[in-house]
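Using the sequences provided together with the hints, build the complete structure.
Take a look at the letters that make up each chain.
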Amino acid sequence: MTACHETSPAGAPGSREAQTRVLLVGNPNVGKSTLFNAMTGARQRVMNAPGTTVELSTGSWHPTGSAAPLDVVDLPGTYSLVARSPDEQVVCDALRGDTPGGPDLRVAVVVLDATALSRSLYLLAQVARTGVAVVVAVTMLDVARAHGTPVDVAALASRIGVPVAAVDPRTGSGLEDLARAVRDHGGIRVRGIHPGADTAPTDDLTSQLAAAEVHFAWVEEVVGSLGGRPTVRRTRTDRVDRALLNPWLGLPVFLATLWALFELTTRAATPVMDLVDRVINGPVLTAAGALLEGWAPSWLVGLVVDGVLAGVGTVLTFLPLMAIVYTALALLEDSGYMARAAFLADRAMRAIGLDGRAMLPLIIGFGCNVPALAATRTLPDARRRLLTGLLVPWTSCAARLTVYILLASIFFPEHAGTAIFAMYVLSVVLVVGGGLLLRRTLFRDLTDEPLLLVLPAYQRPRLRPILTSVASRVRSFASKAGRIIVVTLTVVWVLMAVPATGDHPVGDVPVQESLYGRAAQGAAPVFAPAGFGDWHLTAALATGFVAKEVVVGALAQSYAVAEPEDVGAPDAVAAPEPVPTSEAVAGTDGPAVGQESDGAGAPTLSNQLRTTFEETSGGHASAAALAFMVFVLGYTPCLATVAEQWRRFGAAWTLGAVGVQLVVAWVLAVLVFQVARLL
Amino acid sequence: MDRDLQVLSVLTPVALHLRMHEVGLRAGATVRVTHVAPFGGRVVAVGASRIALDSSTAGLIDVAVRP
Chain A
1 MTACHETSPA
11 GAPGSREAQT
21 RVLLVGNPNV
31 GKSTLFNAMT
41 GARQRVMNAP
51 GTTVELSTGS
61 WHPTGSAAPL
71 DVVDLPGTYS
81 LVARSPDEQV
91 VCDALRGDTP
101 GGPDLRVAVV
111 VLDATALSRS
121 LYLLAQVART
131 GVAVVVAVTM
141 LDVARAHGTP
151 VDVAALASRI
161 GVPVAAVDPR
171 TGSGLEDLAR
181 AVRDHGGIRV
191 RGIHPGADTA
201 PTDDLTSQLA
211 AAEVHFAWVE
221 EVVGSLGGRP
231 TVRRTRTDRV
241 DRALLNPWLG
251 LPVFLATLWA
261 LFELTTRAAT
271 PVMDLVDRVI
281 NGPVLTAAGA
291 LLEGWAPSWL
301 VGLVVDGVLA
311 GVGTVLTFLP
321 LMAIVYTALA
331 LLEDSGYMAR
341 AAFLADRAMR
351 AIGLDGRAML
361 PLIIGFGCNV
371 PALAATRTLP
381 DARRRLLTGL
391 LVPWTSCAAR
401 LTVYILLASI
411 FFPEHAGTAI
421 FAMYVLSVVL
431 VVGGGLLLRR
441 TLFRDLTDEP
451 LLLVLPAYQR
461 PRLRPILTSV
471 ASRVRSFASK
481 AGRIIVVTLT
491 VVWVLMAVPA
501 TGDHPVGDVP
511 VQESLYGRAA
521 QGAAPVFAPA
531 GFGDWHLTAA
541 LATGFVAKEV
551 VVGALAQSYA
561 VAEPEDVGAP
571 DAVAAPEPVP
581 TSEAVAGTDG
591 PAVGQESDGA
601 GAPTLSNQLR
611 TTFEETSGGH
621 ASAAALAFMV
631 FVLGYTPCLA
641 TVAEQWRRFG
651 AAWTLGAVGV
661 QLVVAWVLAV
671 LVFQVARLL
Chain U
680 MDRDLQVLSV
690 LTPVALHLRM
700 HEVGLRAGAT
710 VRVTHVAPFG
720 GRVVAVGASR
730 IALDSSTAGL
740 IDVAVRP
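As you go down the protein sequences, you meet chains A and U in turn. This note's numbering numbers the first residue of the first sequence as 1 and each following residue consecutively. This note's numbering numbers the first residue of the second sequence as 680 and each following residue consecutively.
Simulated from the structure, these hints should not be mistaken for laboratory data. One or more hints might be untrue.
Said to hold, decoys possible - Here are some chain A residues pointing at chain U (derived, C-beta under 8 Å): (1) L209; (2) D238; (3) L451.
None of these values were measured; they are calculated from a predicted model. Idealized CB from N, CA, C, for every residue including glycine.
Okay, here's the thing in structure tokens:
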């Protein structure tokens, strides 16, 4: 825990020509981000603070009458500048001027919540002590008035001696006053607070507490001069909470909310994703192929259509899903329910060493891991976001279900449902076990802090700021994670297009004779202890690194048989029931051209898999199939997940996680096979 | 519940003590318990603010009924 009270010469107003950086500072849930959206509109982007995984929004503000745009940074919400988390440290660093690449002149716009003036003024006092120029924006004035505790903005400005603007970020009113104050570079001295005086930075909590008492005394004086302390009155929010936090009603409502989110990431998003997929893989790819046809060599057509455009298509397919989840999260946050959900889930999540807010991304993960990683942004600090983000890939997403259904229906026809259910149980065990292990090793710094959560008042979400924020986040996903996805898919295409053996033209190579196939053959022996050391299976697992949805298709492709239709259908992906019977899977006859028969029937995918697993497992096909399912659960979910982890947590954590997932998946698969074959 | 209480002292560890002070839970403050949630958590009103606490943390706040 460090304090960041230091006078910074760079923060003082200097040349009037200098471009100004506006730092938005405030407690959580004071309307700071809504104010940021009102200021910047669509001119914003999401980035990580330098050297951290803390997400910041930066944007450009063009207030009326300003010659030059103002550079605005929406800093993480904080209650104080005694930093307890990476997010709070980022606020301290920004106020000190440690965010490189920006203008020299900084003005802190401290957002005060009129309904919690004491808490906001305490932060203002700390900001003022850093010596940075200060402008105050007061929000929630209408709510304070409704509570019977109106705030006299003029009296407040007169008392504290710096410009104060009354703003309503939801309507944009008051922005011109705020802009005027910022253009004048705010005030340097908050009356009663001395920048840098007796503020030697210290990590000693007792000293910090003593320093805080000085600020509390100042806050009491200011609040007293404005008409005294607010009293406690029953509010509309209290009446709603009487139902939503009720021990009997609160939990069912919370579980229903989780269920609705899960449904959004599966059933609701699937038709939109399918539509985008059909458009990309239909007219778009056809048009691209037609444009290249006739003059471009076939390998170039393949590279553009099946490599680059397929990658772009994958990214575009994810965009509706990301937009839906971001919108749902924003609605939950803006309405005020998110904090209640965290409060309700806290006891259960605490038992496994996680924050209550981790429940939400983990549940979404069972639909799709990519938006689940996006949902980690609702966690209060970067370390907790990272911890949850490392566990998300072990939530068994719907895409893995296609593999479970295929293998369970072939190898456990009488108990397919039980086998699939076991995968979900194992998924929960991996999340819980992984969480407990990480908390005792790499995340020992995360102490079991008692729950202390300020609950915002309920309010009706405003669509426009939500859509602005969602658009900005979706753009960020498309540009950063999208780049990784497109490049990797292009590389995969190249590996599949270049022949390793045989006399094949580039772009027209049987899988087993491509670089990709040879690599799979080389890797196959690694899986022999797990009972599935075969190149068809290894190649499918390698393809599954890109997306689990294509594992079944990759298996079919490597055996040159048709993919069973039931398994890949959206309904089958979205819901575990009904499970296709083995007859349904086995009954899909594929092309017999060039296929060896196992003598047990037509060369279907079902027959081929039975034969392969029998051979690789020494007669314990079911045990090997179970081990294969466990491996599919345990290793990297998909390329999009890796790209999103990379974007949020950086290369080191992402590659480390991929490595650990592979090792854990392999060890578990070997263990399952070796034990199951004895049964 | 639903009665005005005066905080006499906050008996939490120093690290949490500071955060409790920051959100307004300090000696002399007038508070009110507005809700008891599942698993014993409490929602405490401080002015217009509502602060959720787990049951053990809530138990560390020493209060008296305000006359």
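Each hint tested on the structure:
no., hint, verdict
1, L209, "holds (5 Å)"
2, D238, "holds (5 Å)"
3, L451, "holds (4 Å)"
In this structure, none of the earlier numbered hints is contradicted; all agree with it.
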